[in-house]
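As given, the protein sequences belong to chains Z and G, one line each in that order.
Residues in the first sequence are numbered from 772 upward in steps of one, following our numbering.
Residues in the second sequence are numbered from 772 upward in steps of one, following our numbering.
Worth flagging that the hints you see were computed from the coordinates, not collected in a lab.
Among these hints, one or two may not hold up.
Where chains are identical, the list cannot tell them apart; a pair therefore holds if satisfied intra-copy or between any two copies.
Unchecked claim - When the alpha-carbon atoms are kept at most 27 Å apart in a straight line, the in silico DSS-like pairs for lysine-lysine are as follows: (1) K1158 / K890; (2) K1109 / K1017; (3) K881 / K857; (4) K881 / K862; (5) K1158 / K1087.
2 protein chains.
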Amino acid sequence: MRILVQKFGGTSVRNLSCQKEVLLKVKNGLDQGYKMVVVLSARAGDTNNLLALAREWSAEPDPAECDALVATGEQVSVSLFSMLLKDNGIKARSLLAAQIPLLTDEEFGKARIRSFDRKRLLELLEEYDVLVLAGFQGVTGNGRVTTLGRGGSDTSAVAVAAALSAEFCEIYTDVDGVYTTDPRVCSTARKLDRISYEEMLEMASMGAKVLEIRSVEFAQKYNVPVHVRSTFTDTPGTMLIKEDPKMEDVLVSGIAFDRDQALITLRKAPDVPGVSARLFGPLSAAAVVVDMIVQSPSLDGVTDIAFTVAKKDLQKALTIVEGMRASVPDLIVAHNPKVCKVSVIGVGMRNHSGVASRAFDALYRENINIMMISTSEIKISVLVEEKYTELAVRALHDSFELGHTDTIGDR
Amino acid sequence: MRILVQKFGGTSVRNLSCQKEVLLKVKNGLDQGYKMVVVLSARAGDTNNLLALAREWSAEPDPAECDALVATGEQVSVSLFSMLLKDNGIKARSLLAAQIPLLTDEEFGKARIRSFDRKRLLELLEEYDVLVLAGFQGVTGNGRVTTLGRGGSDTSAVAVAAALSAEFCEIYTDVDGVYTTDPRVCSTARKLDRISYEEMLEMASMGAKVLEIRSVEFAQKYNVPVHVRSTFTDTPGTMLIKEDPKMEDVLVSGIAFDRDQALITLRKAPDVPGVSARLFGPLSAAAVVVDMIVQSPSLDGVTDIAFTVAKKDLQKALTIVEGMRASVPDLIVAHNPKVCKVSVIGVGMRNHSGVASRAFDALYRENINIMMISTSEIKISVLVEEKYTELAVRALHDSFELGHTDTIGDR
């Protein structure tokens, strides 16, 4: 059985005329002889409307009830789309998470998939040509509705593709692929034909919001070929695949940026074992996600530590840091909420030196001060003042010749 | 464990301020030491909006998908109300039909309840003080969502009350009980303190829309005391109970009427065995529900047959009747869509004669022509021209002294 998984987001299913476009994509898959699982999000706006209702009802809505509430959005879109398929003579049915079941843990609001009943799905695919699966939702071992968090439909799609060993997982969205950077910031941004899972992970986590990060992790783990493309055109999008040697010929794949960063700097922290633990332990306990961390070499037994958190967590983080002053009276705490992280990403970095210096040089030429640097095997991130975001992105994009000009070969 | 079941309709849960009224009723039940099952309908308007969506998507929406679609209405109201309960410190959770499970047959759109997992409900009631059950919905043996048809939440409530041997099933609605007749038609209509299941069945099927008829059948079958009352007052409503001897002292309990009737008359039908089968077989096959049927004694080997159908089915019924003309060329077919059935109902009729003649006399005094008569043990129905509806109802209501005057004892 050749299986194709297609996933459509809220914009693609928001009304009947959009769903008729989706129908064409599904027919296209059927014409190619595939059995299909079509994963849908809620219609655009539905999830937000439901969350707004929850907030009207309760300042802190019970997470389990909130999941039961918002999961109705997907139930609406899959039942409507299944009606459309059946009216077009296609053997199809809607499928809720509880009907497979798609089991998750009990972390309501951001549940993680534990298992699919693969056998049941295959049985259903014997009986039906198209299963219209409600994305974003799951069910706990004792039958309560969960949701996988924002963008969770991508994860549902990739996970079901992995479970069924589907040939492809097509993620349809309102953009036509993954770009070298945000085209709204850099007009020469170019669509990538291919990108490795690893690069995509860095792009996604850096704020390139095309694909939810957990779905990329799933795709990487189970080696699912993911094709990110547009519902509203027929042109190929970007294929996410395993890194291959050819990819490394290209030094840099893209420039990502994330404005949702706030910087906290601690000066004169005692440079003794356990100081980091005393700092980051309480932050973690308070669910504050720390992104970049830099610690300078010690001088005179004290050290400087800088780190970034999401802007919304800044106050919470500062309160925790201030709490350290009881035991470290000399500690100097500074913060800056107006910063942005810009990242240069590419698997080619592994085998090429000079990427960092070329990036720093490009920023220097624009007179942009680098506040912090952190690097991984395939990325270099710098923290800059927020006002320099666009300038920094364009400078780096140009410097690595990522734009669509005749001199740049297709990748 | 003392168990109380409360059911609230769409008007009672339509917004937060209404749900706060519902909360007071639930607290009241908890204060009396009950474990509770609260059955909710969808918020007023939600079900209709969802059905309108289905009709936008498909001229004839797939029934199974339509059920999955409209069942979301109840899921929304139970999760919202559960948030409210939890915010008020009440140990509560929402409960979908699939989570019990509440099993039905596969008649999507009008499924019938097959069984409740009573044991599971009792276990949940050990853990929670209030279970907020999504009314109207069920689930088939293989896990597909069904709905019980319009008014199905009443049936859910009575069925769960029966399954759990609840002390009472309180049906909260926007009227404060069952009246001797429609107060909009007859200003002296009086609320009944008690009514027998049987009388209520006749009232409900005659178009008194307080309670869904299947819920009354359930209540009767399992002898569940049902209290019909208003969400928005504290005054007692009407108690549905088993007929007791005292009830028979009262001749007539109420006057019901149903304007949704159209009359078809066949003259010169051959009076041979099987003629009724040839007529009503095809009507039944075409899902036309026939209500009143009268056949006159034969004269010269031909007979007259008159029957009523719902107004919407008139054309369909006429087409079928016309089809009979091929084999019965002399048949004369007439019809009248402007008729109304008015019924006098009361268990007291069993032991009292003269009810029929008193009813006919009341109509005669108002010069209302009776087009058809049919009777049962506890009711007398007459078909009159639709324009006489109000006049006929008031004449009968007065004639049997049902109005609230000092001379009428409370019942």
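Evaluation of the provided hints:
1. For the identical chains of this complex, K1158 and K890 are neighbours neither inside a copy (53 Å) nor across copies (63 Å), given an alpha-carbon limit of 27 Å.
2. With identical chains, the CA atoms of K1109 and K1017 are never at most 27 Å apart, being 39 Å at best within one copy and 81 Å at best between copies.
3. Taking identical chains as interchangeable, the C-alpha atoms of K881 and K857 lie at most 27 Å apart only when they sit on different chains, with a minimum of 20 Å there against 33 Å within one chain.
4. When the C-alpha separation of K881 and K862 is checked against a cutoff of 27 Å, the pair qualifies only between copies, where the shortest distance is 23 Å, while the shortest distance within a copy is 33 Å.
5. Taking the shortest alpha-carbon separations for K1158 and K1087, only the intra-copy value of 24 Å comes in at or below 27 Å, while the best inter-copy value is 72 Å.
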